[in-house]
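**Q** Make the full structure from the sequences, and use the hints.
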Amino acid sequence: MDFLFKTVITILGILTAVILLSFIYFWFQRRQQHRKHLKVQTYLKEHQGQWHAYLVHQIPLNEPLNLNNTTELTAIETILFSYSRNFSDKTIQTQISRFANKHLKEQYDKMLKSRHWNVRMNTLYRVLVFGITELLPDVQKMMKKPKSEEEYFRILSIYSRYLPDEFFAEFFKVQDRFSQYQFKKLFSVMTDDARNRIIDSFQELSTDGQYAAIDVLGKIREFNSLSFLYELLESNDTEIRIRALKAINEIKMIIDVERLMPFVESNVWQEKLLVARLFENFAVEKVKPVYLKLIEDSNWWVRNEAARVLSMTKEGRTILETVIEQSNDAYAVDVSKKFLSRGV
Amino acid sequence: MNKMDLKLTIVEEDTIFVEALKRMTEELDTKGLNLSVDSYSDGQEFLLSKPEAGNQPHIIIINDILSKRSGVNVTLTLRQLADSQRFYIILLTQGRSEDDMVHALRTGVDYYFQRPINLRAFQATLERIIERQTDGLSI
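Here the protein sequences come in this chain order: A and B.
Using this note's numbering, the final residue of the first sequence is 344, and nothing's skipped along the way.
Using this note's numbering, the final residue of the second sequence is 139, and nothing's skipped along the way.
Check each hint, because a few of them may be wrong.
[What the hints assert, rightly or not] Subject to a maximum C-alpha distance of 35 Å in a straight line, what follows is the list of computed DSBU-like cross-link-like pairs (lysine-lysine):
no., chain 1, residue 1, chain 2, residue 2
1, A, Lys145, A, Lys105
2, B, Lys68, A, Lys90
3, B, Lys68, A, Lys252
4, A, Lys6, A, Lys113
5, A, Lys293, B, Lys22
6, A, Lys36, B, Lys68
7, A, Lys173, A, Lys185
8, A, Lys184, A, Lys144
9, A, Lys6, A, Lys39
10, B, Lys22, A, Lys105
11, A, Lys90, A, Lys6
12, B, Lys31, A, Lys36
13, A, Lys45, B, Lys22
14, A, Lys338, A, Lys252
15, B, Lys22, A, Lys39
16, B, Lys7, A, Lys39
17, A, Lys252, B, Lys22
18, A, Lys246, B, Lys7
19, A, Lys90, A, Lys105
20, B, Lys68, A, Lys185
21, A, Lys185, B, Lys7
22, B, Lys22, A, Lys184
23, B, Lys50, B, Lys68
24, B, Lys50, A, Lys184
25, B, Lys7, A, Lys90
26, A, Lys105, A, Lys173
27, A, Lys45, B, Lys7
28, B, Lys31, A, Lys219
29, B, Lys31, A, Lys39
30, B, Lys22, A, Lys337
31, A, Lys286, A, Lys102
32, A, Lys45, B, Lys68
33, A, Lys338, A, Lys219
34, B, Lys3, A, Lys252
35, A, Lys145, A, Lys90
36, A, Lys185, A, Lys293
Bear in mind the hints are in silico, worked out from the structure with no lab data behind them.
**A** Structure below.
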């Protein structure tokens, strides 16, 4: 009994000590993090002006850097991340890349060889975002024996941006294992030239790759891809035609009316809706017959979209009034009344 | 000659980005203007600062995604004010769809820039807006 009591007391004592030590450890860690955060904020406050001048106006940095100091390194990385995320200016991107290649290369080179997966992944991300081309030979070595699927994909993203020939040699061998989301990530980070090569090789892409490529062209509003997107409207794949119409809608440019007209008679309601939306950028009088047809469509979404577009202009509202007076289609009359009552 | 007062407010969470925009405004051509620049980290904080007070033209550069009150939400509130035309609202967006953009413009946003923005183009746009102001035209 006495032994049992002593054992319980000992276990409780050990547990209390462990809990107490864990608490002290986490409290200390938190305090350290907070102190580091304050130091980073102080650095940013004192030095951002100088960094702004360097990144925007190419004025050389005049203070010596101490990149072995983790606080200073974190602060500098924070600045570089923010400028690369928020500004597209070529000068800024070039300055970030110039600095990173000169001053961060050695440190990142060691980090790429880390035993820890997260360190390697974060460093690969920095190589991609900061454009550290001097580390590409190391990245290529990693590609020969990637340690995880995630690292492989990140390296491929770096290839797509900085090593297009190597990217295409690898990409077409492995594209079947990618999801649409991964395709979009790859196509979004690549250069315009590489993206043009994707357009040239469109038929070689998997179905998901084709869908993703069209979506990305719309999202980045790639004006030069318009004629390609219009060609896709001839596709036998409904999904490709719908996505191409959506992408054209994002770019908001009608360059080939004749190619759009057949969609007014389409069996697919999404195509009719997207054409109604596209013609919003056209003078209403020129496409009046189109809207008169679409507003009497059997699909609610198509009628609604046609009425919505017409209600946006004075001429369009006159057409809606005509529909109310002359149409035999009760649904068309209803939707016209609905949008006319809303006002412009 | 009295200088015209003009307010410029940046509503954005990324403090480095805010600081960069503020430094850009220091380089703007503001002859004939008293330009005062302010910043807030979210929409709620900005609205609590009573932007409705005063009658000077007010340019607002606002992010569409904020932790409290989005850019579009703030726009809706400002557009309900009696003198809402003195606010010129520039929305900074992150890959919004066409429908979202149209919705933002219909809500009362005057201009939108998709991030990442081109700083030089952004500066030129702001200068154009301010120039119209000094020409005596309403923004």
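**Q** All hints, please: hold or fail.
**A** Status of the hints after comparison with the structure:
| no. | hint | in the structure |
| --- | --- | --- |
| 1 | A:Lys145 - A:Lys105 | 21 Å, holds |
| 2 | B:Lys68 - A:Lys90 | 33 Å, holds |
| 3 | B:Lys68 - A:Lys252 | 32 Å, holds |
| 4 | A:Lys6 - A:Lys113 | 50 Å, violated |
| 5 | A:Lys293 - B:Lys22 | 52 Å, violated |
| 6 | A:Lys36 - B:Lys68 | 27 Å, holds |
| 7 | A:Lys173 - A:Lys185 | 18 Å, holds |
| 8 | A:Lys184 - A:Lys144 | 24 Å, holds |
| 9 | A:Lys6 - A:Lys39 | 49 Å, violated |
| 10 | B:Lys22 - A:Lys105 | 31 Å, holds |
| 11 | A:Lys90 - A:Lys6 | 72 Å, violated |
| 12 | B:Lys31 - A:Lys36 | 42 Å, violated |
| 13 | A:Lys45 - B:Lys22 | 13 Å, holds |
| 14 | A:Lys338 - A:Lys252 | 26 Å, holds |
| 15 | B:Lys22 - A:Lys39 | 22 Å, holds |
| 16 | B:Lys7 - A:Lys39 | 32 Å, holds |
| 17 | A:Lys252 - B:Lys22 | 33 Å, holds |
| 18 | A:Lys246 - B:Lys7 | 39 Å, violated |
| 19 | A:Lys90 - A:Lys105 | 21 Å, holds |
| 20 | B:Lys68 - A:Lys185 | 29 Å, holds |
| 21 | A:Lys185 - B:Lys7 | 39 Å, violated |
| 22 | B:Lys22 - A:Lys184 | 34 Å, holds |
| 23 | B:Lys50 - B:Lys68 | 16 Å, holds |
| 24 | B:Lys50 - A:Lys184 | 43 Å, violated |
| 25 | B:Lys7 - A:Lys90 | 30 Å, holds |
| 26 | A:Lys105 - A:Lys173 | 31 Å, holds |
| 27 | A:Lys45 - B:Lys7 | 24 Å, holds |
| 28 | B:Lys31 - A:Lys219 | 39 Å, violated |
| 29 | B:Lys31 - A:Lys39 | 38 Å, violated |
| 30 | B:Lys22 - A:Lys337 | 49 Å, violated |
| 31 | A:Lys286 - A:Lys102 | 59 Å, violated |
| 32 | A:Lys45 - B:Lys68 | 25 Å, holds |
| 33 | A:Lys338 - A:Lys219 | 32 Å, holds |
| 34 | B:Lys3 - A:Lys252 | 41 Å, violated |
| 35 | A:Lys145 - A:Lys90 | 33 Å, holds |
| 36 | A:Lys185 - A:Lys293 | 40 Å, violated |
The structure shown violates the earlier hints numbered 4, 5, 9, 11, 12, 18, 21, 24, 28, 29, 30, 31, 34 and 36.
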